[in-house]
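If you want the building blocks of each chain, they are given just below.
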Amino acid sequence: MTILIDKKNQVTEKIQPKGFLRYFSFSLDHKVIGIQYLVCGFLFYLVGGTLASAIRIELTSPMSDFMPRDVYNQVLTLHGTIMIFLWIVPVVNGAFGNYLIPFYVGARDMAFPRLNAVAFWLIPPSGLMLITSYFIDGAAQAGWTAYPPLSITTPQSGQIVWILSVLLLGGSSIFGGINFIATILKLRRPGLKLMQLPMYCWAMLGTSILVVLSTPVLAGTLILLSFDIVANTGFFNPVLGGNVVVYQHLFWFYSHPAVYIMVLPAFGLVSEILPIHCRKPLFGYKTMVFSIMGIVVLGLVVWAHHMFTSGTPPWMRLFFTIATAFIAVPTGIKFFNWVATMWGGKISINSAMLFSCGFIINFVFGGITGVALAQVPFDIHVHDTYFVVAHFHYIVYGGSVFVIFSSIYHWFPKVTGKLLDEKLGILHFALTFIGFNLCFAPQHWLGLNGMPRRVAEYDPQFQFVNQISSLGALFMAISTIPFLINIFLSVKNGKKAGDNPWKALTPEWLTSSPPPVENWKGEAPLVTEPYGYGSDNY
Amino acid sequence: MTTINPKKLENSSNEDNGHHEDFRLFGLITFLIADGMTFAGFFAAYLTYKAVNPLPDGAIYELELPIPTINTILLLVSSATFHKAGKALLKKNNVESQKWLLITAVLGISFLICQLFEYFHLPFGLTDNLFASTFYALTGFHGLHVTLGTLMILIILWQTRIEGGRISYKNMFPFEAVELYWHFVDGIWVILFIILYLL
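Taken in order, these protein sequences are the chains called A and B. Note that the numbering used here has the first sequence beginning at 1, numbered continuously upward. Note that the numbering used here has the second sequence beginning at 539, numbered continuously upward.
Possibly wrong hints are sitting among the right ones.
What the hints assert, rightly or not - Below, a sample of chain B positions facing chain A; criterion: calculated Cβ distance under 8 Å:
1) 573
2) 576
3) 579
4) 580
5) 589
6) 591
7) 661
8) 662
9) 665
10) 668
11) 685
As the list claims (entries may be wrong) - According to the in silico footprint, chain A covers these stretches of chain B (three or more CB under 8 Å from chain A):
12) 566 to 572
13) 581 to 588
14) 671 to 682
Just so you know, these hints were derived from the structure itself, not from any lab. Yeah, the Cβ is synthetic: ideal placement off N, Cα and C, and Gly gets one too.
Could you build all of it, start to finish, from the sequences and the hints given here?
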């Protein structure tokens, strides 16, 4: 229910569907939209996971016997695109952002509720369009990067659908970003200062700045690419005098910040979860804020480290190596702050906490390989090998997806009023953590020994390690089962959570579970110290 | 360090009943920054091409200055007339405001006509060479913005009518939004003119 002001300035209440139906409606309630994002994203995660399983089954043998090579290319393109644009980006930004940010700033909804609903409803059609392209004329085959000339020479209809779909998703992302910036900067409850906001607000502010500055560049680039495909222009086609490296520059100007768009909100979410389950204030609030903003600024000027083998001149290599190495500083500050938050705290070992700890371990590992990859000599050796695949899965799966699961365990009681089962949760964590590391750790070795990525066939000497990796993928696939059982059982007859099962201080826990339509029955509470744990029985 | 418990939360007396100040313009500015970044990407691509991709032998890429100069003047004047319309509206003079808006719309349409005239008289087509493609992509994308802007000016022109119009000095937002957008499109044109025609 949202308050609309009609032209005679009378307040009218727009009636929205009630009950379960509202999740299928053009609802303007930020909590409903958050859940829509989450469930929609999770369904796409299942699709992307199925595609990942197909890839891992194919790679158990050195020959392409499970599926033809061109189908393999389509599968890996769809897997990458779905996981990035339809699962991680919408969920860490859209889902948790929409649900939590209005609470954190003490507002009753986002700044632009209708824009918010539009941003969500762009996602299901573009996702379905992307997946259907596989069944109609074959999906795109050029990988999620869609590098020309590959993307120009592979079958065109799939590539065009891919571009359209990514353009729509980019639009959705920009609308979301505009909304978050306005909500955080302008919609704060009177009396609430910026430096009193929970850390997730800062993470979302930084992320939204990146979204607004970099996504449009990708949109422009893809429009030019589509001209190359349908109108026979030569922007990126060397045969017609174009320049492929320009595409790479423009593409990575978005797609490197996209890494931070996927992982900065995860940083924010972890910073919310750790203090609550360790009963200690978040260590180094100010340094956290500055490192987020540092990552935003540096994140915009490191893109060419993806292109060290694209004939980049030496000065460019030097600059981008150094800039990339600098990103390790704010990231390292955040890592040590999390560890210091846990240090000496009363840590409760529950599923949310386990997933957060899993995140810290995986992310540090992915971060270290990232610093290694930023060094030109090393990068040239492992470029386009499985080392890179292992590295970015440690960041986006071991980082972001672990945090998504952690957040689901943490906020499920708030959203539904029921607790999730801890035994199933710990089983879920164990299977995910073991499966994930079993799947991706060996791929570092594969990459160092020269196994190229994105190819259906490989040298038979890599078969055994690939089979270990596939076994890990099997564990990850199985890990979804206890999670889904847990969700369904707990929604039906889980233990009542009460309003504040974790005894948390952040504003979303200071209302009923699930929260009422406009978040608070009375006034919004003013929480100036969201991390004041450790005294007064808190 | 003082700890705030839920039990002793501060409550301010500032209950807003669902009303809050209007930050639609703030949202629009954020959107225009995003839109500007799209152009920035195009400009960056064009300048890179200029630096590293020489025009092949025999390729024709010649631009005449008169029409784009007229176009620059048209758009700059239209920004001023739009501003005039806003001032008139603030003085509650809707008819005067509509007059200036009409002039602005006519200037926008003349810009588009000049642009099409230039397109039809250029010695190169969209796919002739890299620079031709970039030229049409950049001016076309900007022309799309001008087209949308002109349509929006015509809409607010209709909405500024005295009987039954939604826009007046009391409700300036649609007017201000279109004005901001129009100034933005003009600014982009000036940059485009410098980079594409003068450099």
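Taking the hints in turn, this is what the structure says about them:
1. 573: Holds. Min distance 7 Å.
2. 576: holds (4 Å)
3. 579: holds (4 Å)
4. 580: Status holds, d = 6 Å.
5. 589: violated (10 Å)
6. 591: At about 5 Å, which falls below the 8 Å cut-off, the nearest Cβ of chain A leaves the hint on residue 591 of chain B intact, so it holds.
7. 661: violated (17 Å)
8. 662: violated (12 Å)
9. 665: The hint holds - residue 665 of chain B has a Cβ within 8 Å of chain A, the shortest such distance being about 5 Å.
10. 668: The hint holds - residue 668 of chain B has a Cβ within 8 Å of chain A, the shortest such distance being about 5 Å.
11. 685: At 16 Å from the nearest chain A Cβ, residue 685 of chain B fails the 8 Å test, so the hint is violated.
12. 566 to 572: holds (count 4)
13. 581 to 588: Holds, because 4 residues of the stretch 581 to 588 of chain B bring their Cβ atoms closer than 8 Å to Cβ atoms of chain A.
14. 671 to 682: It holds, with 4 qualifying residues against the three required.
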